[in-house]
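Chains B, C and D: place on chain A using the hints.
Protein chains in written order, with my numbering: chain A, 1337 to 1601; chain B, 1337 to 1601; chain C, 1337 to 1601; chain D, 1337 to 1601.
Quick caveat, the hints were computed from the structure, so don't treat them as lab data. Possibly wrong hints are sitting among the right ones.
Identical chains blur together in the list; that is why a pair holds if it fits in one copy or across any two.
[Said to hold, decoys possible] Derived DSS-like pairs: lysine-lysine, alpha-carbon spacing no greater than 25 Å straight-line:
| no. | residue 1 | residue 2 |
| --- | --- | --- |
| 1 | K1596 | K1568 |
| 2 | K1474 | K1487 |
| 3 | K1596 | K1487 |
| 4 | K1577 | K1530 |
Given the structure is predicted, the values throughout are model-derived calculations rather than measurements.
Protein chains: 4
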Amino acid sequence: MAITQVSRKGDAPAALSAAGKAALETAAVTRLLVEEGILDYSGHIATRIPGRDAFVIQIGSNSRAELTPEAMLVVDHQGEVLEGEGQPPSELPIHLEILKSRPDVQAVLHSHMELAIAFTMMAGVTLVPMRARASRWKSGIPTHPDPSHIKLTEQGRDLAKTLGPHHAALMRAHGIVLVAESVRALFIDAVHFKENAKALMEVLQAGAKPLPLTEAEIAQIERMEMREWHIKKLWSYYIRKALSEGVLPRDWTDALVPSKEMLRR
Amino acid sequence: MAITQVSRKGDAPAALSAAGKAALETAAVTRLLVEEGILDYSGHIATRIPGRDAFVIQIGSNSRAELTPEAMLVVDHQGEVLEGEGQPPSELPIHLEILKSRPDVQAVLHSHMELAIAFTMMAGVTLVPMRARASRWKSGIPTHPDPSHIKLTEQGRDLAKTLGPHHAALMRAHGIVLVAESVRALFIDAVHFKENAKALMEVLQAGAKPLPLTEAEIAQIERMEMREWHIKKLWSYYIRKALSEGVLPRDWTDALVPSKEMLRR
Amino acid sequence: MAITQVSRKGDAPAALSAAGKAALETAAVTRLLVEEGILDYSGHIATRIPGRDAFVIQIGSNSRAELTPEAMLVVDHQGEVLEGEGQPPSELPIHLEILKSRPDVQAVLHSHMELAIAFTMMAGVTLVPMRARASRWKSGIPTHPDPSHIKLTEQGRDLAKTLGPHHAALMRAHGIVLVAESVRALFIDAVHFKENAKALMEVLQAGAKPLPLTEAEIAQIERMEMREWHIKKLWSYYIRKALSEGVLPRDWTDALVPSKEMLRR
Amino acid sequence: MAITQVSRKGDAPAALSAAGKAALETAAVTRLLVEEGILDYSGHIATRIPGRDAFVIQIGSNSRAELTPEAMLVVDHQGEVLEGEGQPPSELPIHLEILKSRPDVQAVLHSHMELAIAFTMMAGVTLVPMRARASRWKSGIPTHPDPSHIKLTEQGRDLAKTLGPHHAALMRAHGIVLVAESVRALFIDAVHFKENAKALMEVLQAGAKPLPLTEAEIAQIERMEMREWHIKKLWSYYIRKALSEGVLPRDWTDALVPSKEMLRR
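Excised from the complex, chain A in its bound form (with noise of 0.2 Å):
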């Protein structure tokens, strides 16, 4: 099974399926997140398999800590499992319904986020950008009104309209999903995802009259931003530090660590 193939030593990575390498990395993120605090004892990231018509998911009962490529799911998109054993999360349906309406997004997180959760049990507070980085939520951060789990299909699909063609939506008293091109953009944006919340809440907890960012401020952010190498830059950063704590397995390495010449700009 091409999945279990991911972390054998000595297998040069461009032996990985693409399978495996989503399943790599979204175990490695699954990871990184338990790190940040973004994931603990539930949520979830969801990984289109390039070339399949299938992705990526954990088993749910899986401690996020302990991860491993070997023990991922692949998943169709009526939710049935074609490689692996052991039982999807049970809010399955964000990720069916999200990945069936947004084609362009390969990779979907649902989290807890503390921080975030609080904005949605706020009367007359939004979500909104502050710091430099979230000019990435420009056009909003919807609030999806079901404070339940999303055990449904219609749940989910109600979730994916609430989200729209946004790349966040918070969760009523419950938690977020985050969208991106790739799991390795959808780690850089969690964590600067839960910067600006923070922001927010700062400014908001000192009494103080919060200023976001301006549309003209959005627009010189813009101007001067290299999304694709920032995103190389910060993975770079949490890889390695993640693999020299002992977050990540050792053998993973090669697979993982960007080469000096993929950080040039």
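Frame of chain A; chains B, C and D shown alone:
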């Protein structure tokens, strides 16, 4: 003595007596709660022993971070130590009186949870369910007025009266009690209780009007909820984390880690 | 030199001189306070040597995280170094003048405790007892107006006057002093002082009217209180934790860990 | 190449070139600032090389937690890389323009310090000296309005104009710059800058009117102050801590740890 057989290596878990099992799980949960910042230099848990008119509790002066099942006491409902050497916590009447008045309760936690105590020191503020998981406390979280140590039978009885049929009570300027159907469930409840207190605190600190869960929202959450499975999933996450970080001794593994079969929904 | 005999392995604890015991406990408490975030790059403790007209204090430039009894100084009440090589902290007058004016006090802490400093920077706010353990400071916590380093005898004398008969004083924009009947009690007081400052801060940040302990509540708390036993219990917890985490060297164990007999109520 | 000789074991520290010394200290301070949460995946330091018309700076994509002197670049004031292989940070103009306009400055830090950024997002709030050590910034802390990355010479020049003769400037929704007379002093300043921002934030969050240091208080603080000795004392504390925790390699010890003689007042 039954309770000392608990962690001898090589014993099949089935060989654990009921008291041994209660002692092991109570010691483990106490250590987990230290890791979560819910217990520290004080606080304690009482867990009923199935089939006996008695419960296990720690020695008052033993460190919460180092408990072992061998060092736990078996105590009867008059407060007599039946097995083990040492003195129970001076606040034993908390447990005696709650266990007497609540036959449905299998485990009681007393903790000085910082975030919860704050809600006993604010005029006109009530701790209510904010996050989805806090639907558990929909019947209300009363506050007990006595701020002193609960060392007398009468004080314990008054606290049990304040708790009434609820799952949690705050203790003015002092701490909380939580009760649950098992010591495993008690641990998961404690984690969610803290999350919920933090959520309301954050909203208040932001100067915004809190939007607690409505009755309709609680009903919707409970429609989608599987408490038993949820407890198993989180138990698995926290136990495995604690074992891998050395918070729990490796030879407790077999008795504590749920099997894959147990984790099927 | 008496003070250097302290931690030679194999010495029975009884062989420790009074100065050696004070030096060992002061070094240990300093390291514990670094762990608790109450000391960092600065702050210091003076502890009287029973039977001598002198006290122990650290060398000003020595790292608070690495103190050893051998590196402590014995200083007399004129500020002369009697034993040890090195300079006391430049703020020595804090200790000289408080020890002179307060014969009941055996140990003095000066710390830059962040949460407490905040209460010297807010118009119209007073740090008062909120949590049960803070009944210790029921007589009041005065604020000293001099925000500079206390390097002159006169400055020290003014600070001692501000402290008066109380157990704690805040120092405007700078720090705190705490005093107690032993260096062990001083450590436990410091932990509770921080908890109480945090509790009041949280209530204020929530925008609520704080409900401090009333006189009747303080009386009730003190009726149920056993200060001496409480200090022993917490001392045991923190010392054992620090030994097991490598914060304190293993060969300090015998001199610091209370026996089971000492921990009986 | 001079800069690569830095950490070869067995070299007497005296053998370090001026560039080597600047590279070693800059790498060390960068790692210390990661430990303090002041640098993370981004931010950087430029340090002048005494006797040369050039400075050292890191490669933009290198991890701040792993810098070595061998991997630092020597760059001239036109931005040309004179020694080392790799690209400086894309925000190099920050350093070029500040070093050009401020001959008194030997070291420049750019950081995304969270607590400081918050002060660029609040209407009607100014970051002012609250804690005694913040008298350093008594001349004021201006805010630069450009929220984007500073990649163009013109942008750098504008930032240098905003900074003017001050020791710190905030950058709208983005970060800060700090400048000092040495890279060691820069590190200590960064620690105190963060403490001061935190102090004001706490007071604001408590809903109280802040009481900043008055002119008379600042004068009193400066009368008792010994900046040079204070920097040495804190440098010693942080360097020793970082060496003992493995944040810095052991073979940097001789070149970084101050001798006892240097620590005499």
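Results for each hint:
| no. | hint | result |
| --- | --- | --- |
| 1 | K1596 to K1568 | within (11 Å within a copy, 37 Å between copies) |
| 2 | K1474 to K1487 | between (30 Å within a copy, 22 Å between copies) |
| 3 | K1596 to K1487 | between (44 Å within a copy, 21 Å between copies) |
| 4 | K1577 to K1530 | both (19 Å within a copy, 24 Å between copies) |
The structure fails none of the hints (numbered hints given earlier).
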